[in-house]
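**Student:** The task is to assemble the complex, starting from two chains supplied on their own in separate frames and drawing on the hints.
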Amino acid sequence: MKIIVAIKQVPERDAQVRIDAAGKWIDESGLQWALNESDAYALEEALQLKEKNGGEVVVVSAGPERVGTTIREALAKGADRAIHIDCDDLGSRDALGVARLLAAAMKPENPDLVLTGLQSEDLGLGQTGVIVAELLGLPHATLILQVEKTETGLKVKRELEEGWFQSIELPTPAVLTIQSGGNKLRYATLMGIKKAKTKEVRRVTASELGVDGAQVVVLERIALPQKQKSTQMLPGNAKEAAATLVEKLKFEARVL
Amino acid sequence: MSGILVIQEAGRNRISFEALAAGSALVELTGLSLETAAIGDPNSNVFVETSGTPPAVAHAIQHHLLETYTSDGYVHAFEQLIRKLDPSYIVFPHTYQTRDYAPRLATRFGQVLTSDVTAIEAGPAFVRQLFQGKMTGNYRHQGDGPCFISIQAGAFRANPPQEGKTTILPFEPQMTDDVIRTSPGAPFRGAAQTVDLGSAQLIVAVGRGIKDADNLPMVQELATALGAEIAASRPICDNGWLPMERQVGSSGQTVAPKLYLAVGISGAIQHLVGMKGSQCIVAINKDPEAPIFEVADYGIAGDLFEVVPALTEAIKAAGQ
Ligand SMILES: Cc1cc2nc3c(=O)[nH]c(=O)nc-3n(C[C@H](O)[C@H](O)[C@H](O)COP(=O)(O)OP(=O)(O)OC[C@H]3O[C@@H](n4cnc5c(N)ncnc54)[C@H](O)[C@@H]3O)c2cc1C
Ligand SMILES: Nc1ncnc2c1ncn2[C@@H]1O[C@H](COP(=O)(O)O)[C@@H](O)[C@H]1O
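Those protein sequences? They're chains A and B, same order as listed.
Using the numbering used here, read the first sequence as starting at 1 and increasing by one per residue.
Using the numbering used here, read the second sequence as starting at 1001 and increasing by one per residue.
If you are wondering where the hints come from, they were derived from the structure by calculation, not from laboratory data.
Below, a list of computed lysine-lysine pairs in the DSS-like style, where the Cα atoms sit at most 27 Å apart:
(1) A:K248 x B:K1286
(2) B:K1276 x A:K229
(3) B:K1286 x A:K239
(4) B:K1286 x A:K229
(5) A:K239 x B:K1316
Here chain B stands alone, though its shape is the one from the complex (with noise of 0.2 Å):
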């Protein structure tokens, strides 16, 4: 057992730095030393660029049946390198794809992925969302083996880069193509957007605090009476409620409008990730503990079917 592997996926290098920036809250905590990994060619990956202290050492895994992502092709290749390094901690950043293939990683090696932490405290104590966002949890990793976790988009800052050097190990994993099971077709989009959220100066979002369809047309009102454009969270979508191009969040668009007003909108990371951006926002919320308001500028704990008309009424007002 010795260091610290630092998982880095190519192409998302922002939340690799973050996850290296975890790394680097572990090395503080337990002194071990840093290494970092990653699928994909050595010259045109994660490791080009970098974040925080260089770690001293780069793997660069290649093979010609990791080209395109398999879980099946991943978690064969990364347990190899992991029984030939013998790390202490594994470290990934928790996008889709780690979710898809770290948990049966994980199992390999009879351990559990604590997954989308938020913070490493001592212990070390990994402290991940309990309840979408309404709790905090302590996990603790006990015995030997491994210990695996994923880190939450955003938790960590990308530390500024440091001078260093990093030696680029290659690592070339024995498989055959009786491994990968699964065939994957090429990426695709949904359905054509037609609305561009992305560049709204002004968004009204709404919930499921919203109730029933029937109701959207208050909420219609007020993002009309603001001039602004109407968007939601997934299960107002997922209902039909709304077309899918107005979802906002990790599977859905990406906004940063000046102003994000959300309606009886929980607040789970998901639905974060894709608005915390925003210039100021405003929630609506009948419950004043939901997670939405942790990251609101103004907040109104009220219910939305008192809150919403009125607001509308005062817009209005203030218009005239």
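Chain A with its partners taken away, still in its complex shape (with noise of 0.2 Å):
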């Protein structure tokens, strides 16, 4: 089974992020990078299955030169290799234009399976992987915890909202977006980062893969959220501010 797995890198989870001088993005100086979550899991998802099935594992992702931190993290957990299409203009692509560019590169690679994480922890647009498997022709299904391979195909176990599940039969090639949590997700071992230096990353930009920079939506701007609570910030150290609290917990709010 040939695999291909979308990767994005997005900013730390704790970073600060402040917003830039234009007010369009933010501030990208002096920030860490990390592998999206649930790309995370789509990687580990892959690797098993390819574990059980044999294969070939192959991570993409666009975005500036950063990104090559984040693929070789992917190569060292275990992906044969990479395509990156590099491109610095990814702030000025809508969804529809990240995943033409990710459909290009995958197109004549000819995969029997792609997946994607469910959503990225910048924009959480939720919907890439989707847009993907309409620009391929191909069937997809969304929010998925287990991928079982079949004589026919997949059955994928699917996560619907409190607390159920499905589980859904579908024909390869297929398109999945992966949810955090179907499995343990696995460290690179020392032998891995060793090996990923050695391990094939293809370059290639938009142009090349003949994808034009149309927008359909354009982000105008961005902002802090406006609070519309107003919350009680209590002051003082650890032990100052647990005590009010346990006073304004007893006698104003009267839940203790």
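**Tutor:** Right, dumping it as structure tokens:
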């Protein structure tokens, strides 16, 4: 089974993000970057499927130079090779624009299975994988926790709201967007990190892929969220704040 | 190009009515007319109850191949209705079902779904969260073609029903079974629930700020001192540090205790929807900008490894 995993590099989770001078995006200088969480689960699922059924795992990432480190991390965990779609104008592409890049890079590979994360932690669009499926003309399923190969295709476990699940059978090739928590994530081993250095990373540009920068939806500005509720922030050191809180919960909110 | 089409989801009345309210907000801004559509029996779904000024027309889409939800079937059916009506705006409730098919539907029209919208401003500009709620972004649709948006749960308030009459028009899409490539099974529940967080009066919920499973006893001690149930955000359960049944949020349990004490939880929307209804919310987080403080009544901006033990002590002391 040939599996392609779309991986996105996003600001590290606890990073302090600041708005840039133009108010259009965040100030990226000095930020730490990481692999998007659900993409890590997508990669894990791909690696486990390969271990069970054989085949190849190829990771694809669109972004500037810096995403090279995230690609190496995926290779160190066990992906066989990578395609880096080299572009530093991701911010001025909408979901369709990014999906076009990914689909164009994936198509000539003729994968049996495409996995993406279900949602990126920065933009949170929750749809790039589904659009890729449409662009490739493949069936898809979203919010997937487990994937099993069957005689005719795949059987997957899909998460529904409020603790419900369902299983879905679908033919391959197909696109799945992976939800977090389906597997235990592996760490890269020292051996893996060494080997990653020798693995192929092919770089392509948007123009080589024949994808323009047309936009249907434009992100005009970003801002800090407006406060809706007046939160009483309790001052002092830990001990003082704790004591005040107990008082407030007893006598003001009357919930203790 | 004509009006605003609000897609309602059968069995999901509340969020469908919120989508209608968002549709009404667009009516105010654009002066366009409002219509609605849903898949399913016109006598048993969202059309029967309504909210706000009833839309003049409701399109009831019916076909035996749509009895069970599939993304292929829904994309196919809605594509035909949209081509027929040619609306300027199409508004969805942001449910798991919408996430599953609406992006694909928008792609058919060369469009992009602006997902999980929390507000609509003049322009119209569509506001949505970025960076898991740490920022917001204003999006604008450009060019020709219908504008697709989905509305976040709880962002718009469903309007009280008004007098008026809706004409229900049946719509039967042309489709054959080869359109549908997936075979979905019936929904099932995960492992049996042994804790009912829904009826708990006091809840201490722990998030990724706890760093490691080895630190959980510290939070457990706080819960014990309070006589509270322990709950968690998704990553804690994903890691297997606490069982799935203790997860609060859109894919876990919905709770509404007297006191919800969130420890090291950032406050992503998928978590908030499961606990916003709590009577009193307390957040402990080292990041004073964390979105959880948006919904908290009381906040302590500090290191949980100092605050939690101090709070346990304070509660024990107050109990004596
Ligand atoms: C479809 C879908 C469904 C989902 N369903 C759910 C769901 O049901 N429930 C759910 O919870 N999530 C759900 N999520 C995930 C959700 O989007 C968030 O990723 C998750 O809630 C984040 O968990 P967290 O707040 O514990 O972790 P983080 O977002 O990593 O936050 C950790 C917080 O801890 C703080 N912190 C760190 N160290 C300390 C310290 N020493 N002292 C104090 N504070 C500290 C940080 O400032 C940060 O705010 C879902 C996501 C999707 C896309
Ligand atoms: N620039 C990118 N490079 C590679 N994969 C991406 C990129 N952007 C989005 N994806 C994939 O699409 C998923 C959903 O992203 P989004 O639609 O932005 O929430 C992510 O989890 C990734 O798997």
